[in-house]
Amino acid sequence: MIEIANLTKKFDQFTAINDLNFNVQEGEVLGFLGPNGAGKSTTMKVITGFLSPTAGTAIIDGFDISANPMEAKALIGYLPEGAPCYGDMTTQGFLNFIAQIRGYRGEQIVTRVQHVIEEVELQSVCQQTIDTLSKGFKRRVGLAQAIMHNPKVLILDEPTDGLDPNQKHHVRELIKNLAQDKIVIISTHILEEVTAVCTRAIIIAEGRIVADGTPTELEAKSKYHHAVSVKLTDDHDLAVDLAGIPEIGEVEKDSEDQLSYTILTKNGQPIFTKVSEVAHSKQWPVTEFHVNRGELEDVFRMVTQHTQREVV
Amino acid sequence: MGNLGIIFRRELLSYFATPLAYIFIVIFLITNGIFTFDLGGFYIRGQADLLPFFSFHPWLYLFMVPAIGMTLWADERKTGSIELLLTLPIRLSDAVLGKFLAAWVLTGIALLLTFPVWITVNYLGDPDNGVIVAAYIGSWFMAGGFLAIGSCMSACTKNSVIAFILTVATCFLFVIMGSPILLDAFPAWVPQFLVDAFSAMGFLTHFDSIARGVLDIRDFLFFTVFIAAWLLASAIVIEIKKAN
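Residue numbers (my numbering), protein chains in the order written: chain A, 39 to 350; chain B, 14 to 257.
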């Protein structure tokens with residue numbers, strides 16, 4: 039388990055993270071979201087022991103990262119932002135070095151390095167210098183070094199940044215496979231990634247947690263949650279027809295497609311049946327009709343911009 | 014092999030994975046030759062010793078060693094690999110020492126490859142080989158002193174050119190500290206013990222006696238303490254500056 043308590047990091051006058059508190063359990067894949075400069079990377083740097091916190095603690099499976107850094111670091115596999123490596127080494131040489139530092143000796147090094155090379159599919163570039171690799175391969179070398187010692191805690195700072203869709207898919211599959219008995223924390227600003235791999239998401243802004251929950255819970259905070267989208271073949275004034283129903287909020291017209299409407303709910307209640315009854319009785323010229331789950335992007339904007347306004 | 018050894022090995026091999034080590038060694042040997050035989054008047058002196066060879070070393074190191082030292086930490090910080098290195102389960106001291114030792118061994122290899130000069134002087138005459146061995150070791154320790162300054166300066170900046178310039182400037186200061194020109198420049202009201210202390214910090218003060226074959230343990234002790242102090246400073250600077 040990772041326990042983060044009152045974690046604060048200040049750089050001179052600037053407070054990068056401010057009194058963070060959260061726990062992560064085994065088996066959880068935590069997505070760490072936030073606008074640029076919100077403190078995602080700083081939080082990861084503190085948890086992995088690269089930076090020391092100004093106040094508060096990060097405890098990795100019982101080991102305080104400040105008091106017992108060696109024990110705590112041994113439990114963590116970390117992919118720093120941009121996946122930095124030693125560019126003048128070959129993939130094989132670099133991974134051998136990491137295996138040695140992680141405590142493997144002799145034959146173990148060979149088998150372990152071979153294993154991670156197969157896991158992230160680096161066979162074709164084993165003998166190539168890392169500097170000559172493409173961005174996708176470099177990222178995978180970074181992942182390979184992070185999972186070298188089969189760590190209990192995996193912390194990945196923007197693991198899919200700059201990858202093509204196939205590579206993204208591959209990395210996400212890899213994270214899902216690794217996650218079973220581990221703690222995984224990934225930072226990202228790609229929201230679809232959260233829905234794809236995370237079991238939980240924390241949104242931070244201005245160094246504070248502004249939302250925490252499963253992706254579905256967060257989506258439910260969106261004003262589009264349970265909203266009904268309708269596409270018509272002919273224009274029709276929906277607002278007039280729906281006027282009498284108390285659960286229904288405003289009706290939004292799509293700015294690009296003049297015949298598409300989104301009917302919002304007033305207090306988060308499902309309105310599908312109500313709307314479909316009205317549509318039936320008033321004979322709307324409907325071609326598409328579906329319920330929205332809510333958009334993470336919408337929630338993201340709502341919670342992060344809210345704090346920014348507060349600060350101003 | 015402990016973490017120190019693993020880091021040392023990686024660093025040393027990476028010097029030889031790029032042309033850097035070879036270029037350093039070749040240029041070191043060529044300039045050494047020019048200094049010794051041309052400027053030093055090795056043959057003209059008609060003496061079977063290596064004084065002209067060693068007495069140029071402080072000035073040779075002044076430009077050669079900072080070129081090795083400048084990459085020690087500046088590149089790690091620039092590429093971000095410092096974040097990878099320092100989140101591995103190693104102590105900072107392992108990293109600082111391992112990197113320093115690798116660079117120091119590289120200068121040692123370059124120094125050892127000057128052995129033809131030693132063969133030459135033995136072929137031409139009958140030198141005191143004990144003195145020569147002591148001077149070699151002394152020279153290597155002095156290179157370590159330059160390198161330790163380089164390690165610290167390199168930790169101060171992400172830009173290796175700036176690290177190079179800072180290192181050369183600082184090394185130059187320590188080289189000339191003991192020279193009469195600088196010592197005479199002190200006004201009379203400065204107490205003598207301060208002038209002595211200042212002079213005692215100079216590389217030339219210690220290296221001149223080593224090069225002449227005066228083997229004083231205090232001179233070696235000076236360089237050892239000097240190296241330790243600058244490496245400690247490196248560790249402190251890394252700790253402070255690694256965030257940005």
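Take the hints with a grain of salt, since some may be wrong.
[Claimed, not checked] Here are the in silico distance ranges between beta carbons for each label pair:
(1) Gln130(A) <-> Thr237(B): 53 to 63 Å
(2) Gly141(A) <-> Asp141(B): 48 to 58 Å
(3) Ser222(B) <-> Val148(A): 22 to 32 Å
(4) Asp199(A) <-> Ser222(B): 57 to 67 Å
(5) Lys259(A) <-> Ala256(B): 56 to 66 Å
(6) Ala242(B) <-> Gly200(A): 57 to 67 Å
Just so you know, the hints here were simulated from the structure itself, not pulled from any lab data. The beta carbon of each residue, even a glycine, is placed where N, CA and C say it ideally should be.
If I claimed the Cβ atoms of Gln130(A) and Thr237(B) lie 53 to 63 Å apart, would that claim hold in this structure?
The hinted range 53 to 63 Å is violated for Gln130(A) and Thr237(B), with Cβ atoms some 38 Å apart.
Does the Cβ distance between Asp199(A) and Ser222(B) fall inside 57 to 67 Å?
holds (58 Å)
State, for the Cβ atoms of Lys259(A) and Ala256(B), whether the hinted interval 56 to 66 Å holds or is violated.
Violated, at about 34 Å.
Is it true that Gly141(A) and Asp141(B) lie within 48 to 58 Å of each other by Cβ?
holds (49 Å)
Whether the CB-CB distance between Ser222(B) and Val148(A) falls inside 22 to 32 Å:
violated (52 Å)
Consistency of beta-carbon spacing, Gly200(A) to Ala242(B), with hint 57 to 67 Å
Violated, since Ala242(B) and Gly200(A) (Cβ atoms, about 43 Å apart) do not stay within the stated range.
Hints 1, 3, 5 and 6 from the list above are not met by this structure, while the remaining hints are.
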